[in-house]
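Chains as they are written, first to last, in my numbering: chain A, 1 to 461; chain B, 1 to 160.
Hints in this document: simulated from the structure, not taken from any laboratory. Hints should not be assumed to be uniformly reliable.
[Unchecked claim] So the derived label-pair ranges between C-beta atoms look like this: (1) A/D153 with B/G73: 33 to 43 Å; (2) B/T142 with A/E51: 31 to 41 Å; (3) A/G121 with B/G73: 54 to 64 Å; (4) B/R28 with A/T171: 35 to 45 Å; (5) B/R85 with A/D153: 33 to 43 Å; (6) B/D43 with A/S142: 20 to 30 Å.
[What the hints assert, rightly or not] If you only want the chain A side, here are some residues facing chain B, beta carbon under 8 Å, derived: (7) T61; (8) A62; (9) H66; (10) A106; (11) D219; (12) L221; (13) L224; (14) T227.
Ideal Cβ placement from N, Cα and C applies to all residues, glycine included.
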Amino acid sequence: MSRWFRPRGLRSRLVVAFVLVTVLGAAAAAWAGAATAGTALEEESRRRLTETLERQISAVTADLAHPPTPDSLDRLRASIGEDTQVSYRDLRSGDLPVITDALRAAVRDRGGLVFQTVTTGGSRKLLIGTPIVLTGIDLRRSPSGVEVYAVRDLAETDRQVGRLLWTAALTSALALPVAVLLALVAAGGVLRPVRRVRDTARALAAGDLSARMSTRGGDELADLGRTVNGMAASVQEAMAELRRFVADVSHELRTPLTTLTAVVEVLADSVDDREPAARESAELALAETQRLVALVEDLMEVSRFDAGMVSLRAEPVEVAGAVRDCLGARGWRDLVRLDLPEEVGATLDRRRLDVIIANLVGNALRHGAPPVALRLSADDERVEIEVTDHGPGLDQEVVAHVFDRFYKADTARAHSAGSGLGLAISLANARLHGGDLVAGNAEGGGARFVLRLPRHHREPS
Amino acid sequence: MKRLAAVGLALLLTGCGAGSSEVVDGMRAPTGLAPGVTLFFVDADQRLRPQPRETGRLGTVVEALALLLTGPGADPDLHTEISARGETRVVVETSADRITVRLPLTGADLTDLGVDQVVCTALGVHVQGGGSASTTVLVVFTLPGTEPNPPRRCPVIPPG
Chain A
1 MSRWFRPRGL
11 RSRLVVAFVL
21 VTVLGAAAAA
31 WAGAATAGTA
41 LEEESRRRLT
51 ETLERQISAV
61 TADLAHPPTP
71 DSLDRLRASI
81 GEDTQVSYRD
91 LRSGDLPVIT
101 DALRAAVRDR
111 GGLVFQTVTT
121 GGSRKLLIGT
131 PIVLTGIDLR
141 RSPSGVEVYA
151 VRDLAETDRQ
161 VGRLLWTAAL
171 TSALALPVAV
181 LLALVAAGGV
191 LRPVRRVRDT
201 ARALAAGDLS
211 ARMSTRGGDE
221 LADLGRTVNG
231 MAASVQEAMA
241 ELRRFVADVS
251 HELRTPLTTL
261 TAVVEVLADS
271 VDDREPAARE
281 SAELALAETQ
291 RLVALVEDLM
301 EVSRFDAGMV
311 SLRAEPVEVA
321 GAVRDCLGAR
331 GWRDLVRLDL
341 PEEVGATLDR
351 RRLDVIIANL
361 VGNALRHGAP
371 PVALRLSADD
381 ERVEIEVTDH
391 GPGLDQEVVA
401 HVFDRFYKAD
411 TARAHSAGSG
421 LGLAISLANA
431 RLHGGDLVAG
441 NAEGGGARFV
451 LRLPRHHREP
461 S
Chain B
1 MKRLAAVGLA
11 LLLTGCGAGS
21 SEVVDGMRAP
31 TGLAPGVTLF
41 FVDADQRLRP
51 QPRETGRLGT
61 VVEALALLLT
71 GPGADPDLHT
81 EISARGETRV
91 VVETSADRIT
101 VRLPLTGADL
111 TDLGVDQVVC
121 TALGVHVQGG
131 GSASTTVLVV
141 FTLPGTEPNP
151 PRRCPVIPPG
């Protein structure tokens, strides 16, 4: 294919191929048929013309004097008709300049009727030349020296052949819409399964590992569909196994950790204040153990989300009160500048809302710079909670990955108190409500997280 | 793609055939010219002998038979085995493979050689005029009292 014509889609390529093949085939067949018929037509008209000439000559020869006189040559020519020349040695009746030397030579040498087609002035002519022979009483044939030449028009034959070719071209053209229709049908048959494969692959890529495509028939495309389904099944199986493993691990870790926490707390309490080094170690051990507990709990929460084993417990909540309670319970009331309306009633899962707010405010306090601000607003449809700090803000790179699990924006601060799963869980909780959580930067330069939840959660019917 | 188009164009152009074609052989040349007609008479040994007559042209079977009925003329070696009654008007019908000659005589007016004279003269004109040599000749006598002869060939003209 050259540069000026390159069909892109499979459909157009199929249509073009179909049309090319069909029209070329139809044209070739029609052309061949027309050419054969044309040849037959021309042969027939040639035979007719030469036979007519032979009959016209034979009809008068018995009455002609031999050797001929100029007068008898004229008579012979007149009886044959227009466009005729008769000659005997030096005598000549009529003049036909169109007769070729090759034809005259053939008439003299071959001793029979010969013909030739020539094109003059845009139309084709049949040149016929024949000697008249003498037949002896012993049947021996010898040349008489009399030669007859005639020019006959082939225009009518050419017109008939032209009509044949035109009909052939028309027939080929009729094949065109049929070819296009067939091609569209065939392309549809091929493209429908291809589209199903694409949709399934897209759903899989978007995280819906249960996406499968319907496969009917036994052709290559159905085979491809089954392969895609098999691939999706094994990916789903592998993911499920991984999640089960994480869930099992976190579950197994929790029981000893609970014991460990209790023991460390007892130890920390019993350390004598007069031994500062021992006290510091005990407090560090306590902090790290508590962090480990938080991490395991977050892991279990994430596992529950992955396994789809979470459910929303929607209940009437006064959001402003819930925010105050959340901050109060964690001792953050004085660290956060609040901007709350009087009373915002909503239908939400109170525990999950608490988790999200604690996570967002905790992050702002830990990673950002004070003052941290929380602003609550609501309209009839939505509740919006915005948490901003006055730190350096988030890099573009960070914004893209901030909701990824265990993503650490600052590797130098790897040993921070967070589990690395908090934002991932917050986002999952927001989406569970049918809402969203967006990361960005405030105008002043600090990080800004906006949580939007539907004001009245409706159970999906 | 471009090469394909070029090949197609070349095919189209050669198919359109400009100029003159080869010289092709057609049918046999017409015949029928002759300086005269050949009549058949009988010589002293009772054999058929051709006698050319310088009539200037071949003429028809009717004319040839009329000349035959008038006899060999002043040739001492030839005689005719047909006893003419002065009436020379014969009727001839020619079909694809048969020439029917109607003579104004009775069967008694000709010997067998006389019939051959008629048959050979008629067939000679027919053959020289481009007719088939395998044509048979039926001689019919218009005067009553004669059994019809079966169709005959000329013994001295090869049958094609």
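Honestly, which of those hints from before does the structure not fit? Going through the list in order, the structure violates hints 1, 5, 11, 12, 13, 14 and respects the others.
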